[in-house]
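**Q** The chain contents come next:
Protein chains: 2
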Amino acid sequence: MRRILAHLSYDGAGFHGYQRQPNDRSVQGEIEQALGKIHKADGWKSVSSGRTDSGVHGIRQPVHFDSSLAIPEDRWPKALNTLLPKDIHVHSCQYVSSSFHARYDALGKEYIYRINTAPERNVFERHYVHHLPKKLDIGAMQEAAAHLTGTHNYTSFSSPKTDVVDKVRTLFVIDIAKEKDDWTLRFTGSGFLYQMVRVLTGTLIEAGAGDRNPGEVPEILAAEDRALAGKTAPACGLYLAQVFYEQKKMDDHIKKFQ
Amino acid sequence: MRRILAHLSYDGAGFHGYQRQPNDRSVQGEIEQALGKIHKADGWKSVSSGRTDSGVHGIRQPVHFDSSLAIPEDRWPKALNTLLPKDIHVHSCQYVSSSFHARYDALGKEYIYRINTAPERNVFERHYVHHLPKKLDIGAMQEAAAHLTGTHNYTSFSSPKTDVVDKVRTLFVIDIAKEKDDWTLRFTGSGFLYQMVRVLTGTLIEAGAGDRNPGEVPEILAAEDRALAGKTAPACGLYLAQVFYEQKKMDDHIKKFQ
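Those protein sequences? They're chains A and B, same order as listed. Counting in the working numbering, the first sequence runs without a single skipped number right up to 258 at its last residue. Counting in the working numbering, the second sequence runs without a single skipped number right up to 258 at its last residue.
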């Protein structure tokens with residue numbers, strides 16, 4: 001068995017989330033079905049760096065799986081893409097040591113949230129951008145964002161539907177960029193709780209729309225109460241955009257194998 | 001009865017073309033169903049400036065219909081959008097004289113064809129751009145385009161599946177623009193035959209890829225033989241982008257009514 005690290009993108013609109021589901025279409029389900037066909041064995045397993053919710057998109061998301069087949073690494077993407085549906089695309093595959101783990105080895109992630117504030121919605125972007133025909137004050141959003149970065153307990157800014165107990169995470173950067181009506185929010189952090197980026201975005205939107213004072217963010221963080229933060233922004237605007245691994249460790253993983 | 005001119009956009013990916021079909025989902029079918037609900041009468045009719053094929057998109061496409069209801073024109077878009085599915089959006093509605101006809105009064109149209117030549121396909125654009133991972137020579141394409149503009153019999157550059165007898169049309173402009181790997185071809189003409197833009201695009205692609213000499217275009221036009229032109233490019237890259245009416249006539253239509 002050799003371990004393979006794949007990078008794949010998917011359009012989340014047609015999936016009930018990343019994670020395998022017994023009856024619904026999922027990204028993991030499609031990948032494992034393709035792996036099952038390649039290996040002529042049902043129930044082939046894969047491990048993802050992250051499990052996105054229904055409607056959330058993935059850009060070059062790292063996933064690992066093991067294979068008994070002697071396929072050269074540059075042939076793997078084609079082998080998988082031939083079997084995968086058109087809303088998933090494997091960009092690259094590389095052999096790594098069998099101690100590499102796509103989820104446990106991840107040191108951080110970057111999520112992107114896209115908003116469009118034009119008065120009219122664009123039918124071609126309805127699955128890819130959150131359309132919010134409102135005037136947003138970037139200064140107020142940046143002020144709220146500054147309070148939200150750092151190391152905090154993010155209980156107030158995540159869904160209570162989780163088994164995770166330790167809710168302390170570190171948000172390195174929240175970058176807010178705007179080009180005409182197109183807004184791109186980038187969240188880079190050590191790790192993210194369930195629906196955390198969508199609650200953060202919902203809160204930033206409320207600050208930008210003048211419905212919430214950016215100065216109240218520290219109190220909301222301290223209260224550890226989800227009810228005090230903003231609404232959960234819709235899934236369609238969210239992208240898992242990057243997963244970071246320790247480069248040295250990654251190089252070792254690759255070297256160890258070669 | 002008052003006549004209304006509506007401008008609407010639609011994502012063609014989920015429709016079996018613009019035209020109403022007995023069993024398949026169509027843009028016209030959805031619009032007429034919404035009109036039927038508003039007027040509490042089945043089988044309400046509408047007339048479009050153009051009927052796009054399955055998978056082809058529309059941007060602010062003009063459509064007219066008659067109504068017995070005294071709804072102010074600025075309320076019409078909301079009334080329709082509330083009832084329409086998310087892949088159709090009505091931008092605006094205006095009352096026009098009942099002699100206005102969205103199809104017969106059209107003096108010209110502009111179509112856009114989008115191509116992406118990056119090595120890898122983008123899952124988020126699969127319904128909106130023709131992915132063609134090839135190097136294209138813009139000079140050769142422009143040379144072929146120059147031969148294709150003017151007034152010609154376009155039999156060679158359209159599908160034979162049509163009842164239209166007169167195949168002479170005037171192509172005013174074929175503009176080819178490129179930004180990195182994103183190509184936008186704009187076709188402006190007096191009228192277009194069935195699948196004409198897709199056959200023109202397929203031929204321009206073959207010229208750009210070096211598979212066809214741009215200098216042979218005049219012979220192909222003269223031969224009036226579809227078999228001699230290029231392949232029909234896929235529907236996903238095509239957009240009906242503008243329909244032109246005589247401004248004076250349009251102003252008269254609007255004035256006559258007010």
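Worth flagging that the hints you see were computed from the coordinates, not collected in a lab. One or more of the hints may lead you astray.
Since the list gives no way to pick one copy over another, a pair counts as held whenever it fits inside one copy or between any two copies.
Capping the alpha-carbon separation at 27 Å, the derived lysine-lysine pairs in DSS-like fashion look like this [as the list claims (entries may be wrong)]: (1) 45 with 134; (2) 45 with 135; (3) 135 with 167; (4) 45 with 178; (5) 180 with 45; (6) 86 with 180; (7) 135 with 86; (8) 37 with 109; (9) 180 with 135; (10) 167 with 40; (11) 178 with 167; (12) 134 with 167.
**Q** The structure should be examined with respect to each hint, and the outcome stated for every one.
**A** Right, here's what the structure says about each hint:
Taking the closest pair of Cα atoms, residue 45 and residue 134 never come within 27 Å of each other, the shortest separation being 44 Å inside a single copy and 35 Å across copies. In the homo-oligomer, the alpha carbons of residue 45 and residue 135 never lie at most 27 Å apart, since the shortest distance is 46 Å inside one protomer and 38 Å across protomers. With identical chains, the CA atoms of residue 135 and residue 167 are never at most 27 Å apart, being 33 Å at best within one copy and 50 Å at best between copies. In this assembly of identical chains, residue 45 and residue 178 lie within 27 Å of each other by CA distance neither inside one copy nor across copies; the values are 40 Å within and 42 Å between.
With identical chains, the CA atoms of residue 180 and residue 45 are never at most 27 Å apart, being 44 Å at best within one copy and 38 Å at best between copies. In this assembly of identical chains, residue 86 and residue 180 lie within 27 Å of each other by CA distance solely across copies; the values are 24 Å between and 31 Å within a copy. Taking the shortest alpha-carbon separations for residue 135 and residue 86, only the inter-copy value of 23 Å comes in at or below 27 Å, while the best intra-copy value is 36 Å. In the homo-oligomer, the alpha carbons of residue 37 and residue 109 never lie at most 27 Å apart, since the shortest distance is 31 Å inside one protomer and 48 Å across protomers.
In this assembly of identical chains, the alpha carbons of residue 180 and residue 135 lie at most 27 Å apart only when taken from the same copy (11 Å versus 32 Å across copies). Taking the shortest alpha-carbon separations for residue 167 and residue 40, neither the intra-copy value of 41 Å nor the inter-copy value of 54 Å comes in at or below 27 Å. For the identical chains of this complex, residue 178 and residue 167 are neighbours neither inside a copy (30 Å) nor across copies (48 Å), given an alpha-carbon limit of 27 Å. Taking the shortest alpha-carbon separations for residue 134 and residue 167, neither the intra-copy value of 32 Å nor the inter-copy value of 48 Å comes in at or below 27 Å.
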